[in-house]
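Chemist: Chain by chain, the residues run as shown.
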Amino acid sequence: MEQGKIDSLYEKIEKQAAASGYYINPDIQFAKDLAEGLLVNEERYGYMLCPCRLTSGERMKDLNIICPCDYRDADITEFGACYCALYVSGKISRGEETAKPIPERRNLEDKGRLPVWRCKVCGYLCARENPPEICPICKVSGDRFEKFL
Amino acid sequence: MIYALSTCVWCKKAKSLFEAKGIAYDYIFVDLQEGEDKNMTMEEVAKWNPGCTFPTIVINGKCIVGFKEEEILENLK
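If you read the sequences in order, they're chains A and B. End of the first sequence = 149 in the working numbering, gap-free, step of one. End of the second sequence = 1077 in the working numbering, gap-free, step of one.
In case anyone wonders, no lab produced these hints; they're calculated from the structure. A virtual CB, placed ideally from N, CA and C, is assigned to each residue, including glycine. Misleading hints may appear alongside valid ones.
Covered stretches of chain A (chain B as the covering partner; in silico rule of three or more C-beta atoms under 8 angstroms from a C-beta of chain B) [what the hints assert, rightly or not]:
{"#": "1", "stretch": "52 to 61"}
{"#": "2", "stretch": "96 to 107"}
Pairs of lysine to any residue, SDA-like flavour, derived with a Cα cap of 20 angstroms [stated by the list, open to error]:
{"#": "3", "chain 1": "B", "residue 1": "Lys1068", "chain 2": "B", "residue 2": "Tyr1025"}
{"#": "4", "chain 1": "A", "residue 1": "Lys100", "chain 2": "B", "residue 2": "Lys1068"}
{"#": "5", "chain 1": "A", "residue 1": "Lys100", "chain 2": "B", "residue 2": "Lys1047"}
{"#": "6", "chain 1": "A", "residue 1": "Lys100", "chain 2": "B", "residue 2": "Met1042"}
{"#": "7", "chain 1": "B", "residue 1": "Lys1068", "chain 2": "A", "residue 2": "Glu78"}
{"#": "8", "chain 1": "B", "residue 1": "Lys1038", "chain 2": "A", "residue 2": "Arg59"}
{"#": "9", "chain 1": "A", "residue 1": "Lys100", "chain 2": "B", "residue 2": "Asn1075"}
{"#": "10", "chain 1": "A", "residue 1": "Lys5", "chain 2": "A", "residue 2": "Gly21"}
{"#": "11", "chain 1": "B", "residue 1": "Lys1068", "chain 2": "A", "residue 2": "Leu39"}
{"#": "12", "chain 1": "A", "residue 1": "Lys61", "chain 2": "A", "residue 2": "Arg105"}
{"#": "13", "chain 1": "A", "residue 1": "Lys5", "chain 2": "A", "residue 2": "Ser56"}
{"#": "14", "chain 1": "A", "residue 1": "Lys100", "chain 2": "A", "residue 2": "Pro26"}
{"#": "15", "chain 1": "A", "residue 1": "Lys32", "chain 2": "B", "residue 2": "Ser1016"}
{"#": "16", "chain 1": "A", "residue 1": "Lys61", "chain 2": "A", "residue 2": "Glu78"}
{"#": "17", "chain 1": "B", "residue 1": "Lys1012", "chain 2": "A", "residue 2": "Glu78"}
{"#": "18", "chain 1": "B", "residue 1": "Lys1062", "chain 2": "B", "residue 2": "Met1042"}
{"#": "19", "chain 1": "B", "residue 1": "Lys1015", "chain 2": "B", "residue 2": "Cys1063"}
{"#": "20", "chain 1": "B", "residue 1": "Lys1047", "chain 2": "A", "residue 2": "Val40"}
{"#": "21", "chain 1": "A", "residue 1": "Lys5", "chain 2": "B", "residue 2": "Thr1041"}
{"#": "22", "chain 1": "B", "residue 1": "Lys1068", "chain 2": "B", "residue 2": "Glu1019"}
{"#": "23", "chain 1": "B", "residue 1": "Lys1013", "chain 2": "A", "residue 2": "Ile102"}
{"#": "24", "chain 1": "B", "residue 1": "Lys1047", "chain 2": "A", "residue 2": "Arg59"}
{"#": "25", "chain 1": "B", "residue 1": "Lys1012", "chain 2": "A", "residue 2": "Val40"}
{"#": "26", "chain 1": "A", "residue 1": "Lys120", "chain 2": "A", "residue 2": "Pro26"}
{"#": "27", "chain 1": "B", "residue 1": "Lys1062", "chain 2": "A", "residue 2": "Pro136"}
{"#": "28", "chain 1": "B", "residue 1": "Lys1038", "chain 2": "A", "residue 2": "Ala18"}
{"#": "29", "chain 1": "A", "residue 1": "Lys100", "chain 2": "B", "residue 2": "Phe1018"}
{"#": "30", "chain 1": "B", "residue 1": "Lys1015", "chain 2": "A", "residue 2": "Glu36"}
{"#": "31", "chain 1": "B", "residue 1": "Lys1012", "chain 2": "A", "residue 2": "Leu39"}
{"#": "32", "chain 1": "B", "residue 1": "Lys1012", "chain 2": "A", "residue 2": "Gln29"}
{"#": "33", "chain 1": "A", "residue 1": "Lys32", "chain 2": "B", "residue 2": "Lys1015"}
{"#": "34", "chain 1": "A", "residue 1": "Lys32", "chain 2": "B", "residue 2": "Ser1006"}
{"#": "35", "chain 1": "B", "residue 1": "Lys1012", "chain 2": "A", "residue 2": "Glu104"}
{"#": "36", "chain 1": "B", "residue 1": "Lys1012", "chain 2": "A", "residue 2": "Glu36"}
Required output: the full structure, derived from the provided sequences and hints.
Modeler: Structure, rendered in structure tokens:
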């Protein structure tokens, strides 16, 4: 894989994360290795399958593990990082904690409908287990959210 | 034996740890296998780790799921 392609995907992910209240793994080589895995998977399968998960061979069955996967938010909240650790918590991004391998959440029982959280500052709504670390819109901290539904 | 994915960075860390310790190991990149080979490997992985996640590391009959560095080192003693 061309280094330029890897670098530009890394930069794109980093920029999007920063703009929407997420953090990328501060170990740049680690994050770039994951970006390379995403590019390899895109070439192989036609979509950016999580580099740390095995494809079922069908896009429909892989939908929940296309990056960013359906489990990212809950894993960052509970463990400080998503499954592959491309996305991490603020603490890990600042080097106050380190990313560790975490259990696979995917095969656990579906908890049913997610609660809806509302940012009390800008009104942003999101359906997820817990509020985000920071509001992707107005950037206030997650403790300013209220359970809405 | 390390059952790994060629794109997985945690699998890469596991392989590097064995290399750093100078310990010989076998590995299979399951994502590069196809058809019957892949099915057979996945049956083996499922026996050790029913969750079928990677890396699945088997050291002397003991299975470690994920790059759990301390647990790996302990089992390599």
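Chemist: All hints are to be evaluated individually against the structure, with a verdict given for each.
Modeler: Structure-based check of each hint:
1. For the stretch 52 to 61 of chain A, the proposed coverage by chain B is satisfied: 4 residues have a C-beta within less than 8 angstroms of a C-beta in that chain, meeting the threshold of three.
2. Counting residues of the stretch 96 to 107 of chain A whose CB falls under 8 angstroms from any CB of chain B gives 5; the rule of at least 3 is met.
3. With a CA separation close to 17 angstroms, the supplied pair lysine 1068/B and tyrosine 1025/B stays within the 20 angstroms bound.
4. Distance check on the hinted pair: lysine 100/A and lysine 1068/B sit about 8 angstroms apart at the alpha-carbon level, within 20 angstroms; holds.
5. Our distance criterion of 20 angstroms between C-alpha atoms is broken by lysine 100/A and lysine 1047/B, whose separation comes to about 25 angstroms.
6. Taken as a hint, the lysine 100/A and methionine 1042/B pair is broken in the structure, with Cα atoms around 25 angstroms apart against an allowance of 20 angstroms.
7. In summary, the hint linking lysine 1068/B to glutamate 78/A is supported, as the alpha carbons are separated by about 18 angstroms, within the 20 angstroms threshold.
8. As the CA atoms of lysine 1038/B and arginine 59/A are separated by approximately 18 angstroms, the hinted pair is consistent with the 20 angstroms bound.
9. Our distance criterion of 20 angstroms between C-alpha atoms is met by lysine 100/A and asparagine 1075/B, whose separation comes to about 19 angstroms.
10. Note on lysine 5/A and glycine 21/A: the hinted pairing is violated, with a Cα-Cα distance of about 24 angstroms set against a maximum of 20 angstroms.
11. Taking the CA atoms of lysine 1068/B and leucine 39/A, the gap is near 26 angstroms; set against the 20 angstroms cutoff, the hint is violated.
12. With a CA separation close to 16 angstroms, the supplied pair lysine 61/A and arginine 105/A stays within the 20 angstroms bound.
13. At roughly 26 angstroms between alpha-carbon atoms, lysine 5/A and serine 56/A are farther apart than 20 angstroms, so this suggested pair is violated.
14. Proximity of lysine 100/A to proline 26/A is assessed by CA-CA distance (about 13 angstroms); at most 20 angstroms being required, the pair is judged to hold.
15. For the hint pairing lysine 32/A with serine 1016/B, the CA-to-CA distance comes to about 17 angstroms; that is within 20 angstroms, so the pair holds.
16. A hinted pair counts as satisfied when its Cα atoms are at most 20 angstroms apart, and lysine 61/A with glutamate 78/A does not qualify at roughly 25 angstroms.
17. For the proposed pair lysine 1012/B and glutamate 78/A, the alpha carbon gap of about 24 angstroms is over 20 angstroms, so the pair is violated.
18. A threshold of 20 angstroms between alpha carbons decides the hint, and for lysine 1062/B with methionine 1042/B the separation of about 17 angstroms falls inside it, so the pair holds.
19. For a cut-off of 20 angstroms, the pair hint linking lysine 1015/B to cysteine 1063/B stands: about 15 angstroms separates their Cα positions.
20. Taking the CA atoms of lysine 1047/B and valine 40/A, the gap is about 29 angstroms. The hint is violated against a cut of 20 angstroms.
21. Distance restraint check for lysine 5/A and threonine 1041/B: the Cα-Cα separation of roughly 32 angstroms exceeds the 20 angstroms cut-off, and the hinted pair is therefore not satisfied.
22. Between lysine 1068/B and glutamate 1019/B the alpha-carbon distance is near 16 angstroms, which keeps this suggested pair within the 20 angstroms criterion.
23. Proximity of lysine 1013/B to isoleucine 102/A is assessed by CA-CA distance (about 14 angstroms); at most 20 angstroms being required, the pair is judged to hold.
24. Proximity of lysine 1047/B to arginine 59/A is assessed by CA-CA distance (about 26 angstroms); at most 20 angstroms being required, the pair is judged violated.
25. A hinted pair counts as satisfied when its Cα atoms are at most 20 angstroms apart, and lysine 1012/B with valine 40/A qualifies at roughly 15 angstroms.
26. Between the alpha carbons of lysine 120/A and proline 26/A the distance comes to roughly 30 angstroms, so the proposed pair goes past 20 angstroms and is violated.
27. Between lysine 1062/B and proline 136/A the alpha-carbon distance is near 44 angstroms, which puts this suggested pair outside the 20 angstroms criterion.
28. Restraint check for lysine 1038/B and alanine 18/A: the C-alpha separation of about 39 angstroms exceeds 20 angstroms, so the hint is violated.
29. As the CA atoms of lysine 100/A and phenylalanine 1018/B are separated by approximately 18 angstroms, the hinted pair is consistent with the 20 angstroms bound.
30. Distance restraint check for lysine 1015/B and glutamate 36/A: the Cα-Cα separation of roughly 18 angstroms lies within the 20 angstroms cut-off, and the hinted pair is therefore satisfied.
31. Straight-line distance between C-alpha atoms of lysine 1012/B and leucine 39/A comes to about 17 angstroms, which keeps the hinted pair within the 20 angstroms bound.
32. The suggested pairing of lysine 1012/B with glutamine 29/A holds, with an alpha-carbon distance near 12 angstroms, which does not exceed 20 angstroms.
33. Distance hint between lysine 32/A and lysine 1015/B is fulfilled; the C-alpha atoms sit about 18 angstroms from each other, no more than 20 angstroms.
34. Straight-line distance between C-alpha atoms of lysine 32/A and serine 1006/B comes to about 15 angstroms, which keeps the hinted pair within the 20 angstroms bound.
35. Between lysine 1012/B and glutamate 104/A the alpha-carbon distance is near 18 angstroms, which keeps this suggested pair within the 20 angstroms criterion.
36. Taking the CA atoms of lysine 1012/B and glutamate 36/A, the gap is about 13 angstroms. The hint holds against a cut of 20 angstroms.
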